[in-house]
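Chemist: The primary structure of each chain is shown beneath.
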Amino acid sequence: MTSTTPTAHTLTPAEIETIRGDFPILGVEVNGHPLVYLDSGATSQKPVAVLDAERNFTVRRNSAVHRGAHTLAAEATEEFEDARETVARFVGADADEIVWTSNATEGLNLLAYALSNASFSPDFASLKLSVGDEIVVTEQEHHANLIPWQQLALRTGATLRFIPVDDDGRLRLDLLDEIVTERARVVAVTHVSNVLGTINPVADIVARAHQVGAIVVLDACQSAPHLPLDLHALDVDFAVFSGHKMLAPTGIGGFYGRRALLNALPPFLTGGSMITTVTMEAAQFLPAPQRFEAGTQRVAQSIALAAAADYLSAIGMDRVAAHGSHVSRRLLDGLATIDGIRVLGAQGERVGLASFDVAGIHAHDVGQFLDDRGIAVRVGHHCAQPLHRRLGLTATTRASGSIYTTDDEIDLFLQAVSDVRGFFGVTS
Amino acid sequence: MTSTTPTAHTLTPAEIETIRGDFPILGVEVNGHPLVYLDSGATSQKPVAVLDAERNFTVRRNSAVHRGAHTLAAEATEEFEDARETVARFVGADADEIVWTSNATEGLNLLAYALSNASFSPDFASLKLSVGDEIVVTEQEHHANLIPWQQLALRTGATLRFIPVDDDGRLRLDLLDEIVTERARVVAVTHVSNVLGTINPVADIVARAHQVGAIVVLDACQSAPHLPLDLHALDVDFAVFSGHKMLAPTGIGGFYGRRALLNALPPFLTGGSMITTVTMEAAQFLPAPQRFEAGTQRVAQSIALAAAADYLSAIGMDRVAAHGSHVSRRLLDGLATIDGIRVLGAQGERVGLASFDVAGIHAHDVGQFLDDRGIAVRVGHHCAQPLHRRLGLTATTRASGSIYTTDDEIDLFLQAVSDVRGFFGVTS
Amino acid sequence: MSSDELNGLYQQLILDHAKSPHGRVTLEHPTGSSHQLNPTCGDEITLSIQVDADTVAHVGWEGHGCTISQSSASLLSTLIEGREVDDTRLLLEEFRTAMRSRGAIELDEERFEDAIALNGVSRYVARVKCAMLAWVALEHALDGK
Amino acid sequence: MSSDELNGLYQQLILDHAKSPHGRVTLEHPTGSSHQLNPTCGDEITLSIQVDADTVAHVGWEGHGCTISQSSASLLSTLIEGREVDDTRLLLEEFRTAMRSRGAIELDEERFEDAIALNGVSRYVARVKCAMLAWVALEHALDGK
Ligand SMILES: Cc1ncc(COP(=O)(O)O)c(C=O)c1O
Ligand SMILES: Cc1ncc(COP(=O)(O)O)c(C=O)c1O
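Protein chains in written order, with the numbering used here: chain A, 1 to 428; chain B, 1001 to 1428; chain C, 2001 to 2145; chain D, 3001 to 3145.
Hint data in this document are derived by calculation from the structure and do not stem from the laboratory.
All C-beta atoms in this analysis are idealised placements derived from N, C-alpha and C, irrespective of residue type, glycine included.
One or more of the hints may lead you astray.
[Claimed, not checked] One side of the interface only, derived from the structure: several residues of chain C facing chain B at Cβ under 8 Å:
(1) Glu-2005
(2) Leu-2015
(3) Gly-2042
(4) His-2064
(5) Gly-2065
(6) Cys-2066
Sequences and hints are given; from them, build the entire structure.
Modeler: Structure (C-alpha cells):
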C-alpha cells in the first residue's frame, strides 16, 4: 500500500524522455536556461493527455450534469460519473465513497464543518463533538490539516492535541497511546510530509485510533501522486487529495469517506443538486456523494483528473514510486556532499523530495540564486510553520520531483546549491 | 446598471454567425440533427478564446501562486491577480473585493458560514446573528440562495422570512416594509430569476434593507452573463456569480464583498495561504481577499474566467443585453401563438429565457420530444421547488439562450413545441 | 416528423397506459406502502400493496409524473396483482437489470407481457429513473420500509 | 557563472549591508514601533523610531530574513536617522513607487544615496515584499499604529 514493490524498476532515461515529451511546459526557458522544474510538491505539471481530455469534453459534451435530461446532459453525466469511478479505483475506494472538491483543503474543511454541524443537531448524535472530546493531529501537518481542526475545536469546545516529532521530524510513536486516548474522536495525520518527504506509519496510527473508537483522517496530498494508494487497505475513515499535485488541472480534488460514515455525516455546502424536497422552511438531502456536491460541479476538471489517474496508472504506480525513491536518493546523496547543508527529515522511505537549510544563507536567497539558472524550487515554510519552528528554522529550500524529473536536472540543481555559498561570500 | 441602454443594437445575424464560429460545440450533431442548445441558463458553452487562455497558461506558466518565489511562480501570480482585476472590473467592483470560489453556491455558503462563525466569536460581535434576528429571502430563489440561509438560521437561532411572489411570480414589493423590518440582518435576493427570466427591482430592496441596517446579498448568477453589471452602483453588500454560466469553464466563480464588510468577516475555509502566523494552538489570518482563499486556488480557471469577461466585454454588455431582450421577445411572442402553453413570469424586462408548461404533457416528455430533434432544453424544477409549488406546478420546460442563439434556432424550438401535443395525442 | 427511436420510446401502448392508468386506487388495508420521489423533476409516487398469504393481492398507487413513470406504474399494477411475493421480487430484479442495460438486455415477453413496451427506455439513461420510480416504491413496500 | 541580472540584484553593497547591518539596536525611548511579517517565508522585523520635534532622531530594528530584507532595513536606517518626519514620509512613497515599478522607475541617487543599490529589486516582483518589509514597518511606526 505505502511501500514500493521491491521488484518495481525505476523509470529509464528513455522512458523519462518520452514522458517529458508529453509535458509542453518542460520546453520553456527561464532566465535564458531550460526550465528545471523542482517544485512539483507545490503543484505538478500537466501532460497533454490531461489537457486534451478536458478540452474534448468541453467542445463535445459540455452541459449540466445530474440536472439535464437531454442527450448532451445525459452523456456529460455519464462521463462525469465514469471519472468518479476511475479516480475511486486509483485510490482504492468505491465510486460512491468519493466526493469531488476543489482541493484537499476544501475536503478537510468539509469534514470539519460537517462534524460541527453534526454537533449542533440531535439527528447526528453519534458524530457529536463537545467539551472533553479530543481531536488529535501531528506536529508535521500542513496548515490545511491543522487550522480546520483548531477551528472545529473552537466551535465545539473539544480539545486539540498533537503527536510531536523528534529532532529528525519523525512522529513520536512512543507517545501514541498517551496522546490518542479514549477521549480522542478524530485523528488527522498526513501520509507523507510535504516538508520531509518521509512516509508515516499510518497502520500503527489507524490501529490505535480504531482501538479507542476515533475516526482517522488521512491527508494523502503527497502520497496520491507518488505511491500506490489503497485507502480500503489502509483502513482509514476519511482521506483527501488534490488533483493539481497529481498531473491534473487546478480546481479539482477528492474527498474519500468510508461508505457508512459518509452517509452518516450531515451536509456541508448546501444548494442545488443535493436535495430531494425543498420548501421555504426546510430541505431534505440526497445520500452521499450527491449530498456533499451542492451546485454545479467541476465537471471538466473531474474528467481531467480521471485522465491524470489513467496516465499515472499506464506508467504503473509501483514504477512511479520507484522513480520517486531514486530521485530522493540522488537528491540526498548529492546534498550530503555539499558543505553547510542540513537536510530535514529522517533517512528511510521517502518520496522524491528534499527540504534543506544552507548555513548562513536565507532560503529566499538560495531560491533566487537557483532561479537565475532556471531552477524552480520552493522556499519558505511550505505551509508548515509549526514543524519548521520545532526544527529550529523559519524557512527552508525544497526541491521536489515528479515522473518527469531527470538525473541531469538533479545534477544541475546540486551544482547550483554547491555554488550558492560562494556567491554570497559565506564560507564555513 | 440593470437595464439595457435603449440605444444598444441587438446582435446582427452576421455577428452571431461570427460568434458561433468561436464555439466548437455548436457544430456537433444530436440525434441526427444539428445541436440547438437552449440550456445556457444551466451552463453556457465556451469559446475557443477561453479554452486557449486556460491552456496557454497551463503550458507556459503553471506553478503555485502566492507561494513560490521563482520566476514561473511570480509570473503565474501576476496573471492570477490580473485576472482578478479583470473580473472585478467586469462586475463593477475593485480587485480586493473579489474572492474566487468554485461557483455561486460556494459563495453563498461562504457568507452563511462566515456569518455563523462570527456569531460564535466575541471578536465579530457586529456581525452576530441570534434569536430574534431575521434573515430574509424571496420565494423566487434558487435552492442555492435558500438552503444555506435555512441552515444559518438553524445554526444561530435566527428566523428565516421571505418576500412572497404574486401569481405571475413578481416579488410582492407591497409587503417589503412589512417583511424587511428592524429585525432583518440579511436580505438575500436574486437579480434575475433563473425560472422566470425577469429582472428584479434590486434598488427598492437595497434601499429598504439599508434603511433598517440589513446587509444585502445579490445572487447575480443569471445577470452577470446577460446584463451590464455594476455592483458598486447597485450598492449591494455581497454578491455571487458562476463562471460556467458566463462562457468560462466549470469550477470557478466569484464572491463579491464590499471592502469594509469583507474585511470584517471571519474566515470560512482555513488552511494554507490565508494565514500570517500559525502555531499548533492558533492561527492569525491575512486580510481579504486572501483570508477567504485557503489552499491552492483554481488558477487556470480564474484566468479563463477573465478571458470570458474580456470576450463578453469585446462584444459589449449593452449589446449582449439587447440580444437577450430580443431572444426573450421572440420566445414569448412565439409561445403565445401555441395552444395550451402557459409561460411563467410577468411581461417586462427579461433576459433571453422562458419557462413554460404544456397543458396535459409532462415537462420530461416535452424535453424528450425536443431532444429527438437535437434541441436541448432544461426540464424539471430548475432548483426552485418553492417557486414552482407557488405557481401550482411541479416541473416546467425552460428554453434559455445566449449570445450564440439565432432566430432560426428559436423558430426550430417553437415549431417543435407546437408539434408536441399532437405527438402525445393531447388536444385542447 | 418524429424519429423511429422516439416512437420506440413512446409506443402507443405506453401513451395509452399513461392516459388511462391501471391501479390508481387507494387500498383499504395495505400491508406495505412507499413514497418515492425523483429529485430532478419532483415527480412523486405513493404505492401500496396488500400481501395475503405470500401473494400480492392488491396494488394501488397515486402520484404524478411523466408518461414513462405513469405508464410504468400502470403496467406494474397489471403485472403483479395476484403474483407471489418471491416471484414479484424476481420480476423486479429482471426489470431493473433490463432498464440499466442501455438497450443490451430486453424484457422477457413471457414474463412482462405488455410491459415489454418499456424496452425502449433503457437506451435513454436519463429516463431510466422515471421507469424505475414505481418499481423502487414496490421494492420498499415489499420490504415494509 | 551567475548572470548580470543576479549580480544587479545582489550588488556588493547589498551583501555587505546584509552581513553587517546598521541600526540593529534597541531604542530606549521609542515613540513608535511596528512588527511586520512576510507570510510566505515567515521573515519578521520589529522596527522602532524615536521622533523628537518632527525629526526621526533614532531608528532601531531587529528581525531575521533574506539578504534583501536585511540590507533594506539597514539602508533605511542610514537614510532616515535625522530626517524630518514629513520628508521621511515622502521618501517612503518614493521608495514604494520605485519598488512597484517593475524596473521602470529608479530611485533618485541624490535622495537615496547608497540605497540605490536596491534598484535591482523592482524587477523581481516576488522580492519587492522583502525590500518593503522594513519600510512598511516604518510607515506603521510613524502612524503610531
Ligand atoms: C439564480 C441562480 N442562483 C444560483 C445558481 C447556482 O449556481 P451554481 O450551481 O453554479 O453554484 C444558479 C444556477 O444553477 C442560478 O441560476
Ligand atoms: C501534505 C499537504 N496537505 C495539504 C495540502 C493542501 O493542498 P491544497 O492546497 O491543494 O488544498 C498540501 C499542498 O499544499 C500538502 O502538501
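Chemist: Decide, hint by hint, whether the structure agrees.
Modeler: A quick look at each hint next to the structure:
Interface restraint check for C:Glu-2005: the shortest CB-CB distance to chain B comes to about 7 Å, inside 8 Å, so the restraint holds. Taking 8 Å as the C-beta cut-off, the interface hint given for C:Leu-2015 holds, the closest approach to chain B being about 6 Å. Against a cut-off of 8 Å between C-beta atoms, the interface hint on C:Gly-2042 holds, since the closest Cβ of chain B lies about 4 Å away. For C:His-2064, the suggested interface contact is upheld, since its CB lies about 6 Å from the closest CB of chain B, less than 8 Å.
Of the supplied interface hints, the one on C:Gly-2065 holds, with its beta-carbon coming within about 6 Å of a beta-carbon of chain B, less than 8 Å. Using the Cβ-Cβ criterion of 8 Å, the hint placing C:Cys-2066 at the interface with chain B is satisfied: the shortest such distance is roughly 4 Å.
In summary, the structure agrees with every hint in the numbered list given earlier.
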